[in-house]
Each structure stands twice: as structure tokens, then as C-alpha cells.
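Those protein sequence lines, which keep their order, are chains A and B. Using the numbering used here, the first residue of the first sequence is number 20, and each one after it goes up by one. Using the numbering used here, the first residue of the second sequence is number 2, and each one after it goes up by one.
No wet-lab data here; the hints were simulated from the structure. Just so we're clear, the structure is a prediction, and the values are computed from it rather than from any experiment. Misleading hints may appear alongside valid ones.
What the hints assert, rightly or not - Below, in silico cross-link-like pairs of lysine-lysine (DSBU-like), each with a Cα-Cα straight-line distance of 35 Å or less: (1) K165/B with K386/A; (2) K386/A with K296/A; (3) K165/B with K58/B; (4) K386/A with K368/A; (5) K58/B with K84/B; (6) K84/B with K386/A.
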Amino acid sequence: MSNTQDRLRDATTALGSTLQAADIPPLRLPDATLPSRAAARRPGRPVFGRWLVPLATAVAVIAILALVVAVRGLPTRPHPAGGAAQLVRWPVRGHARWTAWSETGRQSGKLVTDAVAASGPGSAWVFATDPGTRLRPIAWRLSGSSWTQVHFPGRRGEDINALGASSPADAWVFTSANRALHWDGRAWRVVSGFPGRHVGNALVIGPSDVWVFGNPYTDAGLNGSHTTWHYNGRAWTPVGAAAWLRYASSTSASDIWAAGGSWNAVIGHWNGTAWDKVSVASLLPPRTQYCGPLVTDIDAVSAADAWATGWQGCQDTGGQAVLLHYAGGRWHRVARLGAVDPSIVSAGKGAVLIQLDPDPQQPGHVKVVRYAGGTLHQVAVPLVSQIVAPSGTVLPDGTSFFAGTHNLGRHRTAGFVLRYRP
Amino acid sequence: MELDSAPSWPPARSGPGRDADGATDPAVADPAAAVTALYREHALGLTRLALMLVRDKQAAEDIVQDAFCGLHRRWGHVRDTGKALAYVRSAVVNGCRSEFRRRRTARDLPPDVPAWSAEAAVMASEERREVLRALAQLPARQREALVLRYFLDLSEAETAESMKVSRGTAKSAAARGIASLRRLLGEES
Numbered sequence: 020m021s022n023t024q025d026r027l028r029d030a031t032t033a034l035g036s037t038l039q040a041a042d043i044p045p046l047r048l049p050d051a052t053l054p055s056r057a058a059a060r061r062p063g064r065p066v067f068g069r070w071l072v073p074l075a076t077a078v079a080v081i082a083i084l085a086l087v088v089a090v091r092g093l094p095t096r097p098h099p100a101g102g103a104a105q106l107v108r109w110p111v112r113g114h115a116r117w118t119a120w121s122e123t124g125r126q127s128g129k130l131v132t133d134a135v136a137a138s139g140p141g142s143a144w145v146f147a148t149d150p151g152t153r154l155r156p157i158a159w160r161l162s163g164s165s166w167t168q169v170h171f172p173g174r175r176g177e178d179i180n181a182l183g184a185s186s187p188a189d190a191w192v193f194t195s196a197n198r199a200l201h202w203d204g205r206a207w208r209v210v211s212g213f214p215g216r217h218v219g220n221a222l223v224i225g226p227s228d229v230w231v232f233g234n235p236y237t238d239a240g241l242n243g244s245h246t247t248w249h250y251n252g253r254a255w256t257p258v259g260a261a262a263w264l265r266y267a268s269s270t271s272a273s274d275i276w277a278a279g280g281s282w283n284a285v286i287g288h289w290n291g292t293a294w295d296k297v298s299v300a301s302l303l304p305p306r307t308q309y310c311g312p313l314v315t316d317i318d319a320v321s322a323a324d325a326w327a328t329g330w331q332g333c334q335d336t337g338g339q340a341v342l343l344h345y346a347g348g349r350w351h352r353v354a355r356l357g358a359v360d361p362s363i364v365s366a367g368k369g370a371v372l373i374q375l376d377p378d379p380q381q382p383g384h385v386k387v388v389r390y391a392g393g394t395l396h397q398v399a400v401p402l403v404s405q406i407v408a409p410s411g412t413v414l415p416d417g418t419s420f421f422a423g424t425h426n427l428g429r430h431r432t433a434g435f436v437l438r439y440r441p
Numbered sequence: 002m003e004l005d006s007a008p009s010w011p012p013a014r015s016g017p018g019r020d021a022d023g024a025t026d027p028a029v030a031d032p033a034a035a036v037t038a039l040y041r042e043h044a045l046g047l048t049r050l051a052l053m054l055v056r057d058k059q060a061a062e063d064i065v066q067d068a069f070c071g072l073h074r075r076w077g078h079v080r081d082t083g084k085a086l087a088y089v090r091s092a093v094v095n096g097c098r099s100e101f102r103r104r105r106t107a108r109d110l111p112p113d114v115p116a117w118s119a120e121a122a123v124m125a126s127e128e129r130r131e132v133l134r135a136l137a138q139l140p141a142r143q144r145e146a147l148v149l150r151y152f153l154d155l156s157e158a159e160t161a162e163s164m165k166v167s168r169g170t171a172k173s174a175a176a177r178g179i180a181s182l183r184r185l186l187g188e189e190s
């Protein structure tokens, strides 16, 4: 069998084929499942008793809604009756470092934000798609304080695998259709001749300096790619020394940090001429029969200063997470983050903001913590119930954007974008 | 249950319960027939899905039955009957999670792949057993993502919808699931 995905398909199909249509019992729909007012009545139950519980529930719901409105405030604009989703300012109180935007419009509650990246002071990109209809990717551009939807020549069902930007006139997108698209300040255009496939991440230093990292474990049904490509403005070149690296961050063309490796415990640094790689396996939680530790994210501050998160990756329990810091010429483990799945939201000199997914089996309860001065503090973040797209680019002043989904109640969610200014 | 009169699935809709000519949508008029038609078409696939997740044939059948009964109970609240399959698939995944919680720990699960008579020949390959054992060892979310993606061949968006998580989370769970599977199968160099 050629690869893991093929072996998985073969084994599950074989197991599935042991069940045939003849094995499936007929559907048993008890009469009780039919909504029936008569069935709801209980003999001898007082009439008032039937209404007491719904009445109390209604009062409690109204009280909670009033409390939520008092704390959070109402959206600044009413939802328009139709049209594509818009990102509008969402008032948040008591969060001085944060600015929030949330989607509204006809498609509100359906969009899932895929990628976000800052492209300069007061400018950024965010991409989203509708998981239900698999429409084309939608792009918004932030200019000042408002988001504008921009035409993006995406295909139906195409996913945004990676987004990066170096300026308001230079942004790149790499899609699940193995296409590269470039924003030149006026329009998105398809870049012909991109040889990569299964792109996982992209690092855009400038219009003629782009790094693209393959995703070895893509879920596209075939083995992914562990190739790293570099674009010099004219041609794409595979960089053998950076193969298997997956997550990357940079401060300049000669200061790039990247993490990955075939065992997911390697961190590399590009100094402009060569990649220098080191294993941090000894700093990660221990490898056991059921745990495969890995570096989950990395963020550069300077050539002598970088942060990374590690996770034990244990089955069922997930395992322990750690925070790593590069200082004094080597990597150190500086904090234990507990039983969480971590990733970095924003990093700066002496401080780092980390997203923690505390229970992989109960998604939607993400926490954000800040590590500074040797201690961890939980950070109050507006709107967050789940972050799905940490910033692809952090500005030199530490400003970063990230996107996710927040809960509107009644199983409704809405996409959001947050800006954090340290 | 009169199966021969069941409407085709999904019923066309041009308004809440009525077609373009104003006729009542048969699925709305007879929820039991509509749910039964959906069951006839998809019960096998969904039971196979549950089997992958809970590794227990009887529990898989019960979970699927419960999911369809739940759909029937809530039929009046289903706004878009065309999405009923997505709803019931999500209910099956959720039912499997509940089954895991009910059993308290993964150790309470059957130790190996099911061993009823029909599967003996098909599963004779040790390689397949090895893959299924490895799949069973993955965290629940990774296992769900892989089964939905590679067994049901769902798209990334459909997988996320079935798991009731964001697409990013589903993508990450599948990617990490494959990585873990590779490690467990000793494929990683």
C-alpha cells in the first residue's frame, strides 16, 4: 500500500464492507417521537405546573440576553436584508488593546474564516468561505478601520491554504488547487508556473522573496508535500535544506525561523545564505508509545530571539504543552502550559501571546494567555470561542490579527476578525 | 411504515413546505415517510461510519437509530430539509462521542476490531488490522476527522460541519491524525 491515506482507506473500506444492507435493522420510529400535545400532558399534573418550567426558562433567557447586551453592546449596524457578508466593527468594552469586526449580512453565521494576515499599519487581508455551499473564497481588505470585499478569482470549492503579505501592495495566496495568486495593489492575479503542491504555509518577505512550505500530512487524500520552495521574482526553486519545515516566521530576508522536520521536532534558522537546523526533541514532553511530541508553532522576534510552542500529541488525552524560547544562542524550555494544544498568536521582545485549546475533544473553548517576565497570565479576549486563523504576519510593532468563530447562541456562530495591539 | 409511498430524497422545495404550484411538500406533510426514506438511503453508510468510531456493531446501529429518531422528533424545526443528511450525520458523530463518554475510558472499548463472523475473511489481512488498531488509538477528534475524510470521502467543509467544528480545526485534526497514524504505523523515517 503506497501511503498512509491509502492504507487507511483500504482498511476502513474493508471493515465497512463487513456490514451490508441486510444487516441494517428497519427504522423504528416510536409514536412518542411524534410531536403530540396530548402525549405531553401528564395525568394529574396541575395546569400551572405545565407552564411553570417554560415560564421560568423564558424569564432566565431574557435576563441572560439583557445581561449580554449590557456587557457586550449591540452591533453598530443592523444586518442588511441581503447581499454578501460584510465585516463590520463590533463594539467591545474593557478590551483596550483589541479591535473587533464581525460578519453580518445574508450569509451571516455561515462563513468560516480561513486565513488572515497584516499587510502594513492599518491594512490587512482576511479570507473566508461558506462550508455549506462551498462557494468561492471571499476576500476582504482592511484599509484604515473598515473592511472592503475585494474581487478574488477563486474557484468554487477552492480552499485558501496559505496567505502572506509584506505590504499593502504585495500579498500572496496559495490554494488547495495548487494555484498561487498575487495582489499587486490593484487586483488579484493568478501567477502562472507555480510548481508547488499541498502548500501549508507561506512567508512573504517581498514581491521577489517568497518562501512556500509544503504540508506533508495534507488531508487531500494523497501524501502531501514536504518540499520548501523559494521565489526570487523570476523562478521558483526547491530548497532541499528546508524540506519538512512547516511553520515559519521572519523579521527580515535574512532572519527566518521555521519548525517542522520529519519527526516534527526540528527548528531551523535562515541567515540569508544557509539554513541552520537543530533538534529540540529534548525540550519537548517525552515521547512514549502513545505520544508523538511536536513543535506546533514558531514566531520570530529577531535573529537572536524567537518563541515556539511544543505539544506532547498523545492519543485521547492530548498531553502536555510547553513554551520554548530562543535566547543566548540556544533554545530553552521556559514554561509548561498544561494539557492544551498551543499555538502562537503574537510574539514580541520578552512577551508572547499564546492560544490554548484546552480540550481537543470539546472544541470551542479557546483561552489566550500572555507569557512575560517568567509568568503566565490569562488574557481577556473579546468574542473568542474559537480561533481558526492566527495571524500570518505580525507587524514590527507587534500588531497582529487573528480570526475565528464566536457563538451567537442557538447554535449560531459568526466569523470575526480581531486586531491586537500590544 | 409504508415504504413504497416514501417521497424521493431530497424533496424539491421552493418555499416553506410548498412547491411552485402551492402543493404541500410531501416531506413536510409526512415526516415519518421522509425520515424513513432518508434512513433507507443512508443508514448503511452511517452505521458503517459509527462502526469506525465506536468499534461496536450493536452500539453503531443504536446510535444511528437514535439519530434518525432525533431527526424525526425535530422535523418541524428543520428549516432546510435538504440539509437533513448533514444534520443526521452530525448527530451520529455526536452519538459516538456520547458513547465514548458513557464508557468512561477508551479501555472499556472492545480491545480490537469487531470479530463477528462476516468480517473474518475480509479482515484477514494483518496489515488492515494494524491500521484499524492504530486508528483506534488516535484521539477521538483525529479519528473522527480521518474517518469522515477518508472513509466517507467527505470534503473538508462537510467534515467540519459533521464534527461541528470550524474548517481549520477539522483540517488540523485530519493532518495531525495522519501524522499520528504514520508514527503508530512506523512509516515515518
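We went through each hint and held it up to the structure:
no.	hint	verdict
1	K165/B with K386/A	holds, 19 Å
2	K386/A with K296/A	holds, 31 Å
3	K165/B with K58/B	holds, 24 Å
4	K386/A with K368/A	holds, 22 Å
5	K58/B with K84/B	holds, 26 Å
6	K84/B with K386/A	holds, 32 Å
Every hint, counting from the list given before, is met by this structure.
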